[in-house]
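Number of protein chains: 2
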Amino acid sequence: MLQTSVLEGDRLALARLLTEIEADSEAGRSALNDLFKHTGNAHLIGVTGAPGTGKSSLVNQLALHYRKPPNGEAPRSVAIVAVDPSSPFTGGAVLGDRIRMRELSGDAGVFIRSMATRGSLGGLATATIGIVQALDAAGFEIIFVETVGAGQSEVEIAKLAHTTLVVDVPGLGDDVQAIKAGILEIADVLVLNKADRPGVEAAERALRGMLKLGHPTKRAFNHHGRPTVTESSDAELAVGDEWIPPIRRTMATDGKGIVELAAAIAGHKAHMEKTGGWQLRERARLQGEVEDLLSSELMSRWRSGLDDKDFQKILDQLVTRSISPGQAVTKLLKENSQ
Amino acid sequence: MLQTSVLEGDRLALARLLTEIEADSEAGRSALNDLFKHTGNAHLIGVTGAPGTGKSSLVNQLALHYRKPPNGEAPRSVAIVAVDPSSPFTGGAVLGDRIRMRELSGDAGVFIRSMATRGSLGGLATATIGIVQALDAAGFEIIFVETVGAGQSEVEIAKLAHTTLVVDVPGLGDDVQAIKAGILEIADVLVLNKADRPGVEAAERALRGMLKLGHPTKRAFNHHGRPTVTESSDAELAVGDEWIPPIRRTMATDGKGIVELAAAIAGHKAHMEKTGGWQLRERARLQGEVEDLLSSELMSRWRSGLDDKDFQKILDQLVTRSISPGQAVTKLLKENSQ
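Taken in sequence, the protein lines are chains W and B.
If you're matching positions, the first sequence starts at 1176 in this note's numbering and goes up one per residue.
If you're matching positions, the second sequence starts at 1176 in this note's numbering and goes up one per residue.
Bear in mind the hints are in silico, worked out from the structure with no lab data behind them.
All C-beta atoms, glycine included, are put in the ideal place defined by N, C-alpha and C.
Possibly wrong hints are sitting among the right ones.
[Unchecked claim] One side only, chain B facing chain W, incomplete, derived with CB under 7 Å:
id, residue
1, Asn1208
2, Phe1211
3, Gly1215
4, Leu1455
5, Arg1458
6, Gln1462
7, Glu1464
8, Ser1470
9, Leu1490
10, Val1494
11, Ser1499
12, Gln1502
13, Ala1503
[Unchecked claim] In the DSS-like style, the derived pairs of lysine-lysine whose C-alpha atoms are separated by at most 25 Å in a straight line are:
id, chain 1, residue 1, chain 2, residue 2
14, W, Lys1387, W, Lys1444
15, W, Lys1509, B, Lys1212
16, W, Lys1484, B, Lys1212
17, W, Lys1431, W, Lys1506
18, W, Lys1484, B, Lys1334
19, B, Lys1334, W, Lys1488
20, W, Lys1444, W, Lys1212
21, W, Lys1212, W, Lys1387
22, W, Lys1431, W, Lys1444
23, W, Lys1334, B, Lys1506
24, W, Lys1506, B, Lys1334
25, W, Lys1334, B, Lys1488
26, W, Lys1212, B, Lys1509
27, B, Lys1387, B, Lys1449
28, W, Lys1506, B, Lys1506
29, B, Lys1509, W, Lys1509
30, W, Lys1212, B, Lys1484
31, B, Lys1484, B, Lys1506
32, B, Lys1212, B, Lys1449
33, B, Lys1488, W, Lys1212
34, W, Lys1334, B, Lys1484
35, B, Lys1212, W, Lys1488
36, W, Lys1212, B, Lys1506
37, W, Lys1506, W, Lys1484
[To be verified] Some chain B residues flagged as far from chain W (calculated, every beta-carbon gap over 12 Å):
id, residue
38, Leu1210
39, Arg1251
40, Glu1376
Based on the provided sequences and hints, a complete structural model is requested.
Take a look at the structure:
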């Protein structure tokens, strides 16, 4: 069976399983049911941020770090799931993959999977959850879920993660600032990548300002609005049970700042475990997953009971504005329940 | 009644109605049911693209153009719905609004509404649909739906539109290129904004190359891969029933290229009406809307029949990995149907 081979570390079997999961096949669903009891061991790290911030390079560098820790720790196995909002139309996912391969290929402790949007975001998020579970069951200790783009899709996918990195770079426009404000809420660690660029100080100040807005009542900031600890030790900004996201500067192109970033990620995990936040997040993750599955199951059950002719007739009435969408829903629910 | 005042052109009533719709209140739903028969007259124009491409300025310029057409046409009323993926956390939507106001405020023929993400993307899309319907019923002839960000959320919201503009600028990185590939599929008109930037020729070539990939069998490109018509007349690239998206260069800061862009938008509308594509798109839009409403109605009906204690018990089993998410769904559906 595919799932047995996956548990035994068979890479080809894993790749085949992931394909089944992406296709949402019966085999994929059944394997996930069997494998689920082997999950819950990986550290799931979400990586998001505006386009052009260098997320892929950053994940590459972190992966290399976990494979060859500089401080004598044991290497950890790493899986990377790159979720790409582009479509099969041009195979947008391929480019990032190839670039990655050169650096990490040949290492049996690294597994990379790109996912492109096939249908709706809902479908993608569901498939991503399954992919991550399979990789978790297969024994990967660190699993990155990296999303290209910036928007609500990232927020949805970040719900998957135990630790979410939000990546920013100096010198992006106002448009991007607005987006950042939205995703700051989901950040556990803020990364200021391409930190050799001009404007890095201003960018860090802006991020600190936004963090202050998000955590206005915390003792971590004194009445002058400045953090009460030095900037270099902001991983200690955790006050009581609250975690204030630290900011880490990196240059993913040459690996500068990666050790410090990895330390911040480890710090977040330790904090979460100490405060019980890890368990809460696990529960919220699983609840979200069950609700998504339920919603699509309810819809497909309902749809299978509906005659398409009736549906088209109601659409005709909609197009001619004889009924409203709300009235169409009432009609459809009535017809189908009879 | 709110809806009567809205039909009579009362702006304050319209603003109040939009608030009801955003809140998904009973009053909002009922008003939409009444107003729906007055919809179907507006030209809905979606505007999307990567962050930093200057979408807001572009929409401003187009709005000014429609208000004061240079060629002696009658001015048209314009509504702008700015969908902002950032959250109430920092009120990200506000900035863009204020900038806009200075140029367009005081004109009774212009109405601007910003929407920030409250909950899920699904909720936002549903609210946006309602907002657009209310504006349509209120008599606005041109309705822009502008989304900040780049990703699947844009694709969802673009389904709303009759004509979708995808905005690009010269000199964005590879990351953004990959995203563009994905949203090119939804483009009816491509806008190369900030066209005074270096690299505009290369950017236009790249866009043409991607378009060719998307329309590989069309006569619009000869066997050397070059368009068979000149670049300046690419609005004529429509071959038979197919519309090949024209590329228009603009400089939204000073309005250069806006007249030509507006002509391309009008060309797309004319083509859609001639080929029946407009009616098809209307039907698809309304079908999508009904399906979204159905899905949330089914979920809320189901949830109202469920005891939260049972749900929490099943979550407990999930967290301890005694059952899988798929098995949880099966259990929940069984318990609730009894």
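Each hint, compared with the structure:
The interface hint given for asparagine 1208(B) is met, as the beta carbon of that residue sits about 4 Å from the closest beta carbon of chain W, less than 7 Å. At about 3 Å, the closest approach between the beta carbon of phenylalanine 1211(B) and any beta carbon in chain W falls short of 7 Å, and the interface hint on this residue holds. With a least beta-carbon distance of about 6 Å to chain W, the hint placing glycine 1215(B) at the interface is held under the 7 Å criterion. Of the supplied interface hints, the one on leucine 1455(B) is violated, with its beta-carbon coming no nearer than about 10 Å to a beta-carbon of chain W, more than 7 Å.
Because the closest C-beta pair between arginine 1458(B) and chain W is about 6 Å apart, less than 7 Å, the hint holds. With a least beta-carbon distance of about 6 Å to chain W, the hint placing glutamine 1462(B) at the interface is held under the 7 Å criterion. Against a cut-off of 7 Å between C-beta atoms, the interface hint on glutamate 1464(B) holds, since the closest Cβ of chain W lies about 5 Å away. At a threshold of 7 Å, the smallest CB-CB gap from serine 1470(B) to chain W is about 5 Å, leaving the interface hint in force.
Because the smallest distance between the Cβ of leucine 1490(B) and any Cβ of chain W comes to about 6 Å, under 7 Å, the interface hint for this residue holds. This hint holds: valine 1494(B) has a C-beta 5 Å from the nearest C-beta of chain W, less than the 7 Å allowed. With 7 Å as the threshold, the beta carbon of serine 1499(B) comes within range of chain W, its nearest partner Cβ sitting at about 3 Å, so the hint holds. A distance limit of 7 Å between C-beta atoms decides the matter here; for glutamine 1502(B) the minimum to chain W is near 6 Å, and the interface restraint holds.
The interface hint given for alanine 1503(B) holds, since its Cβ lies 5 Å from the closest Cβ of chain W, which is under the 7 Å cut-off. For the hint pairing lysine 1387(W) with lysine 1444(W), the CA-to-CA distance comes to about 22 Å; that is within 25 Å, so the pair holds. Restraint check for lysine 1509(W) and lysine 1212(B): the C-alpha separation of about 22 Å stays at or below 25 Å, so the hint holds. For the suggested pair lysine 1484(W) and lysine 1212(B), the alpha carbons sit about 23 Å apart, so the restraint of at most 25 Å is met.
With a C-alpha separation of about 61 Å, the suggested pair lysine 1431(W) and lysine 1506(W) falls outside the 25 Å cut-off, and the hint is violated. For the proposed pair lysine 1484(W) and lysine 1334(B), the alpha carbon gap of about 23 Å is at most 25 Å, so the pair holds. Taken as a hint, the lysine 1334(B) and lysine 1488(W) pair is honoured in the structure, with Cα atoms around 22 Å apart against an allowance of 25 Å. The suggested pairing of lysine 1444(W) with lysine 1212(W) holds, with an alpha-carbon distance near 22 Å, which does not exceed 25 Å.
The hinted pair formed by lysine 1212(W) and lysine 1387(W) fails the criterion: a straight-line CA distance of about 40 Å is larger than 25 Å. The hinted pair formed by lysine 1431(W) and lysine 1444(W) meets the criterion: a straight-line CA distance of about 22 Å does not exceed 25 Å. Distance restraint check for lysine 1334(W) and lysine 1506(B): the Cα-Cα separation of roughly 24 Å lies within the 25 Å cut-off, and the hinted pair is therefore satisfied. The suggested pairing of lysine 1506(W) with lysine 1334(B) holds, with an alpha-carbon distance near 24 Å, which does not exceed 25 Å.
At most 25 Å may separate the alpha-carbon atoms for a hinted pair to count; lysine 1334(W) and lysine 1488(B) meet this at roughly 22 Å. Distance check on the hinted pair: lysine 1212(W) and lysine 1509(B) sit about 22 Å apart at the alpha-carbon level, within 25 Å; holds. In summary, the hint linking lysine 1387(B) to lysine 1449(B) is supported, as the alpha carbons are separated by about 24 Å, within the 25 Å threshold. For the hint linking lysine 1506(W) to lysine 1506(B), the alpha-carbon distance of about 29 Å lies beyond 25 Å, and the restraint is violated.
Between the alpha carbons of lysine 1509(B) and lysine 1509(W) the distance comes to roughly 22 Å, so the proposed pair stays at or under 25 Å and holds. For the hint pairing lysine 1212(W) with lysine 1484(B), the CA-to-CA distance comes to about 23 Å; that is within 25 Å, so the pair holds. A threshold of 25 Å between alpha carbons decides the hint, and for lysine 1484(B) with lysine 1506(B) the separation of about 14 Å falls inside it, so the pair holds. Proximity of lysine 1212(B) to lysine 1449(B) is assessed by CA-CA distance (about 24 Å); at most 25 Å being required, the pair is judged to hold.
Under the criterion of a C-alpha separation no larger than 25 Å, the hint pairing lysine 1488(B) with lysine 1212(W) is consistent with the structure, at around 17 Å. Pair hint lysine 1334(W) plus lysine 1484(B) holds up; C-alpha atoms about 23 Å apart against a cutoff of 25 Å. Our distance criterion of 25 Å between C-alpha atoms is met by lysine 1212(B) and lysine 1488(W), whose separation comes to about 17 Å. Our distance criterion of 25 Å between C-alpha atoms is met by lysine 1212(W) and lysine 1506(B), whose separation comes to about 17 Å.
Proximity of lysine 1506(W) to lysine 1484(W) is assessed by CA-CA distance (about 14 Å); at most 25 Å being required, the pair is judged to hold. Distance check for leucine 1210(B) against chain W: the nearest CB is about 8 Å away, which does not clear 12 Å, and the non-interface claim fails. Separation of arginine 1251(B) from chain W is adequate, the least Cβ-Cβ distance of about 21 Å exceeding the 12 Å criterion. With a least beta-carbon separation of about 21 Å from chain W, glutamate 1376(B) lies farther than 12 Å from that chain, consistent with its non-interface assignment.
In the structure shown, a violation is registered for the earlier hints numbered 4, 17, 21, 28 and 38, in ascending order.
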